[in-house]
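Those sequence lines, one after another, are chains A and B. Take 1 as the starting number for the first sequence in this note's numbering and just add one per residue. Take 1001 as the starting number for the second sequence in this note's numbering and just add one per residue.
Read the hints as simulated data drawn from the structure, not as lab findings. Bear in mind the structure is a predicted one, so any value in this text is a computation, not a measurement. Among the hints, a few may not be true.
Stretch-level coverage of chain A by chain B, calculated; a stretch enters the list once three of its residues show a Cβ under 8 Å from a Cβ in chain B [stated by the list, open to error]: (1) 30-44; (2) 64-76.
What follows is a set of in silico ranges between Cβ atoms, one per label pair, in the way DEER data are often shown [stated by the list, open to error]: (3) Ala-67(A) x Val-1012(B): 26 to 34 Å; (4) Gly-1216(B) x Ile-79(A): 48 to 56 Å; (5) Ala-1206(B) x Glu-84(A): 38 to 46 Å; (6) Glu-84(A) x Ala-1269(B): 53 to 61 Å; (7) Pro-1201(B) x Ala-66(A): 30 to 38 Å.
Built from N, CA and C at the ideal position, the CB exists for glycine as well.
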Amino acid sequence: MSNIPAELRYTTSHEWVRVEADGTLTVGVTDHAQQALGDVVFLELPEAGRVVEAGESVAVIESVKAASDIYAPVAGEVIANNEEAVNAPEGVNEDAYGAWLFKIKPADANAVNGLLDAAGYEAAI
Amino acid sequence: MAQQTPLHATHVAAGARMVDFAGWDMPVNYGSQIEEHKAVRTDAGMFDVSHMLGLDLQGSGAKAFLRGLIANDVAKLQEAGKALYSCMLNPEGGVIDDLIVYFLSDTEYRIVVNAGTADKDVAWMQERLAASGLEATLTVRRDLAMIAVQGPNARAKTWAALPGTEAASAGLKPFQAAIVGEYFIARTGYTGEDGFELTLPAGEAATTWAALTAAGVAPCGLGARDTLRLEAGMALYGNDMDETVSPLDAGLAWTVDFKDETRDFVGKAALQAQGTRQQTLGLILEDKGVLRSHQPVHTAQGVGETTSGTFSPTLQKSIALARLPLGVAAGDQVEVEIRGKRLKARVVKAPFARHGKALV
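Looking at chain A on its own, in the form it has when it is part of the complex:
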């Protein structure tokens, strides 16, 4: 039912992670997550410079129905957040893989290999 691009990595808490050419990670929530959340109306994203642990709650996504935490997929430093998504949160519903939420410079470049691949995520949901 939901769209799970093969080139991305995933967490069991429904974040997607894209490894960029410079080794930084772009993070968002999956199509499955946006479907479950319903209409997204508010995002609270981490500021650049914040150092985060893997699994730490770093952002909040609020739909009309409920508030949900978003977790850092790996340890590292937040280097950017997506202001465009904050100003138009419905973008998460329209294109979950386009509306990224924040970027992380990972403390360990190999940590991303510990995340789920598309098949693993599909099996997990």
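With chain A held as given, fit chain B onto it using these hints.
Relative to chain A, chain B alone:
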């Protein structure tokens, strides 16, 4: 295993997202909850509310029994089909449930209660009835389905979908019902829009739902039902009041009838002794974020609490109902604590929106 309404298979076939609500497997949304909300504010939408329970009370003692059972006074119901909203209180003045009573005659009433409280309501009513010595019989009507059709075009689309209903229901005033064959058609609702609540035999629910869909009525889930009722400033049992909250503190004083001094009802003495201790008002969040239930509200008069909160699709802002200290007034600036941060909010008098229009 969650209970299922007669429309359960219809919802699943339509791709609804199903959730547990008070022990029932119910549709929370079909597609976008905001679009469902807008359909009701601007056109027509429908909700399966068959999880709510219909009860029939019949007998020579029915009227006297209800006058002692609930806080509003059924004696004011004179016209056949007239509806009354009321709280049913415990002896301490807390709300056991909020319900609607339809007057059919002095010896015959239809009562509709909430799903989550249905079992305790029936047990309480039976216990009170036995203790009263009055002659009346309470019959549980789980054989019925209920569909709420709401919105400015709801009545016209209902008439188009269900031939034969217009003649008997076109003359209904708000809060009045008519019996049309096997249909019980009430001009009531929980959205702040015009419309009907239809009660019908369970076996006819699916064909009726399909006819309404064909007439252009949008299926809507409990998600939109909640944002619509909150915009309309209507209380939700379990959120805005419960057995520990008095209707006088929950913004429901207008439903408590003290006029007939000779009438006693369960909870009356407690309410008179307690008086009004808190008040329920609306909040509009001025900072970015979403208000939810049970968030602390800091006011000049002390700390209160949100009882229901959501994002209002009509206002495009977050709104809440909050129980606040006496002395707080509409127009006051307050702060709501959300995840450790204090956000600015403005106190308003609910409702926030009805009949397609923002009111604040």
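Verification of the supplied hints:
no.: 1; hint: 30-44; in the structure: holds (count 7)
no.: 2; hint: 64-76; in the structure: holds (count 4)
no.: 3; hint: Ala-67(A) x Val-1012(B): 26 to 34 Å; in the structure: 27 Å, holds
no.: 4; hint: Gly-1216(B) x Ile-79(A): 48 to 56 Å; in the structure: 50 Å, holds
no.: 5; hint: Ala-1206(B) x Glu-84(A): 38 to 46 Å; in the structure: 44 Å, holds
no.: 6; hint: Glu-84(A) x Ala-1269(B): 53 to 61 Å; in the structure: 60 Å, holds
no.: 7; hint: Pro-1201(B) x Ala-66(A): 30 to 38 Å; in the structure: 36 Å, holds
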